[in-house]
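Peer 1: If you want the building blocks of each chain, they are given just below.
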Amino acid sequence: MSAWLELARGPFLYLAFAVLILGALRQWALAIGELARAREMAGDQKIPWRWMFKKSLGWIVPVNALRGTRIPFTLASVAFHAGMLAVPIFLAGHVALVEKGLGIGWPALPSAVADGLTLAALAGLAVLLLYRLLDKAARFMSGPQDYFLLALCILVFLTGWFVAHPAGCPLPFNLLYLGHLLSTELVLVLIPFSKLCHALLFASTRIVWELGWHFVPGGGDRVREALGKAGEPV
Amino acid sequence: MVPEQPGGHADTPGKGPLPVVAPPVKKGGGAKLLPHQILGTSYYLERIYPGDKVKRFLEIFAAVLKYTNYGHLVDTYARVGAKCANCACSCQIYLATQDPQDIPCYRTNLLLEVYRRHFTFRGVMQSKVTGSVFLTEEKIREMAESVYHCTGCRRCSFECPMGIDHGLMTHLSRYILSELDIIPKALVVATREQLEGKTGNTSAIPVPALVDTLEFLQDDIKDEKGVDVVFPVDQEGREFVFFPAVSDYLLEADTLKGIALTFHAAGETDRWTIGTGYFDGINYGLFYSDWCAERIVNKEIDETYRLKGKKILIGECGHASRSAKVFVPSFAGAKGALPVVNIMEVTLDMLRRGKLKLDPNVITERVTYHDPCNIARTGWIVDQPREILRAFCKNFVDMVPDGEKNFCCGGGGGTVSIDEVRSYRTKITGKVKADQIRATGAHYVVAPCANCKKQLREVCEDNDLKDVEVVGLHDLLYKALILDGQGGTP
Chain F
253 MSAWLELARG PFLYLAFAVL ILGALRQWAL AIGELARARE MAGDQKIPWR
303 WMFKKSLGWI VPVNALRGTR IPFTLASVAF HAGMLAVPIF LAGHVALVEK
353 GLGIGWPALP SAVADGLTLA ALAGLAVLLL YRLLDKAARF MSGPQDYFLL
403 ALCILVFLTG WFVAHPAGCP LPFNLLYLGH LLSTELVLVL IPFSKLCHAL
453 LFASTRIVWE LGWHFVPGGG DRVREALGKA GEPV
Chain E
2 MVPEQPGGHA DTPGKGPLPV VAPPVKKGGG AKLLPHQILG TSYYLERIYP
52 GDKVKRFLEI FAAVLKYTNY GHLVDTYARV GAKCANCACS CQIYLATQDP
102 QDIPCYRTNL LLEVYRRHFT FRGVMQSKVT GSVFLTEEKI REMAESVYHC
152 TGCRRCSFEC PMGIDHGLMT HLSRYILSEL DIIPKALVVA TREQLEGKTG
202 NTSAIPVPAL VDTLEFLQDD IKDEKGVDVV FPVDQEGREF VFFPAVSDYL
252 LEADTLKGIA LTFHAAGETD RWTIGTGYFD GINYGLFYSD WCAERIVNKE
302 IDETYRLKGK KILIGECGHA SRSAKVFVPS FAGAKGALPV VNIMEVTLDM
352 LRRGKLKLDP NVITERVTYH DPCNIARTGW IVDQPREILR AFCKNFVDMV
402 PDGEKNFCCG GGGGTVSIDE VRSYRTKITG KVKADQIRAT GAHYVVAPCA
452 NCKKQLREVC EDNDLKDVEV VGLHDLLYKA LILDGQGGTP
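Taken in order, these protein sequences are the chains called F and E. So the first sequence is residues 253 to 486, counted in our numbering. So the second sequence is residues 2 to 491, counted in our numbering.
Since the hints were made in silico from the structure, they are not lab data. Please read all numbers here as calculations on a predicted model, not as lab measurements. Ideal Cβ placement from N, Cα and C applies to all residues, glycine included. Where hints are given, some of them may not hold.
The list that follows gives simulated cross-link-like pairs (lysine-lysine, DSBU-like), each with its CA atoms no further than 30 Å apart [stated by the list, open to error]: (1) F/K481 <-> E/K406; (2) F/K298 <-> E/K300; (3) E/K406 <-> F/K307.
For the chain E half of the interface with chain F, some residues (derived, Cβ under 8 Å), not all of them [what the hints assert, rightly or not]: (4) T69; (5) A83; (6) K84; (7) N87; (8) A89; (9) Q99; (10) D182; (11) T192; (12) R193; (13) E295; (14) V327; (15) E346; (16) L349; (17) Q437.
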């Protein structure tokens, strides 16, 4: 067990971060390159930055969605994402670890706030899981990957909670700790390679949408030429 | 996941029967089948690609990814799609059918999955290792039917947390299918006449007939209003060159008379003209083909330049307005692009400048307004028509929901022109709209869009809304405008 723990705390953790960082750089480089290419090809190169910024912000702070039809879904989703962003970075234990390892530190959340965020995230994840299982449309759309990633996130938060509050948990501390490390590392590794990719590409999806409608002059003709249909009537 | 009978909804309760849809039949079997029977679509096809459809589909997809702007879009969507099905709650088709195959994300995923399996490293490797080919004729068939169930209203785009535009994905799927000759016959026949026919417009109206119609409308106005109103034809150097949905010349006389009378009443008839070189605002390219969209929008641009006009003026038509607004800068370059305006913007401007006097005692019945998706969804034209209507309709009520989040009439995306799917349009896609209209208790439903008008009339007919009259905005203005002397009220 302790050998595994050493691996998970050392090489695996560095490896996971390396994969995440390299994967993210690749995704961003591709996204920027492709966006530049799309803009270059488009006849209309104007991009309404303000509109897109507003739209993106609308999803980060989904006030409008709170008037919508899926209020529990929205609340659950926001609770989970808030926890997912804040707790890993600002939990006192995490900050202390980074400070010890890299020598850089930043202010941490009070532990009561971190606890609250963790519980809210867990509750949110539970609602999201129930929603996938019970809502007809969501159940139909869900594949193994969707359940797996959801379960993985639940595991990260659940083990994290018990690592911070080991009292009362029947499982040995080291097992919880190992579970927390490995599940977190798996999430980090999967971000660039799964639908979790939206964490990296969120900012560009609105530009992608906008540029998608900026069609390419002569594009239709070139497609038909390539298909050997040049000059053919409608 | 793969439906047993992609051709129809016949097995699902609550969905009206679809006309003549043969179940998919294997090639080469039995009696000669029509193209749409071979494919099993609920709409008629004119012809069908005779070779290997799967191979051809992939060739087309590859060419589209290479020569257009869709590559990055598809790639991003294929990566980020979370399959949360949040979009389902906003889709009026899903609300009516509760059929999972009508979830917008499911429809989008039909194409994204082809991309993942045939155009990404992981997918190609997967196919090599397992030896399986993902795309099949069955899947093409399912997509062909599915993308013409969607009305392309883009209401779902408000709900996607990942920012996926399912309307654009429907457009792309239809574009790829169109290069495989899978296009509703109704759309392709009209587009062919517009681009390659003698008359050069979708309704096949020859120029002499257009001129006759305009004279007839002028006489009509003279009889009804006692004023000499002119439809300016081929006048050079005017501010606006006018492109209505050309079918208006055949079907929506009151709308056109209203527009002419509005210009006349404001004393600004010299601001606009109709061109005999080209006079059709309809652009079915928006619905299924980038290739056609570009050629059509270029006809509008060319005619405007021929007449030395300064702006492209689109009549009461949602898709004509949006296609011109988006495609003129897209295809002709944003720099120096001709501005595109909708007639309601011009009318509101005249009203605000005090050029129009309206009688508030003419329209006493309850009036409601239907937002055509193509002009309202982005918030472009939402408040303008309401401001005009409130200026003279005492009893105006809005539908719920309205504006950007309105429900589609149910005939969007060109489906309104496909007569063989009428029962699907009026009983399924138009069901929510019928309920909305009924709830307002309105007599007049103002729908400033040729497609919406045709669809809503059929929706009212088929949903027992007998007391409802579907009109254009300028139809009501025609009734309410006060004319004194030569027009141009102080």
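Peer 1: Where does the structure disagree with the numbered hints, that is, which hint numbers, in rising order?
Peer 2: 1, 10, 15, 16 and 17
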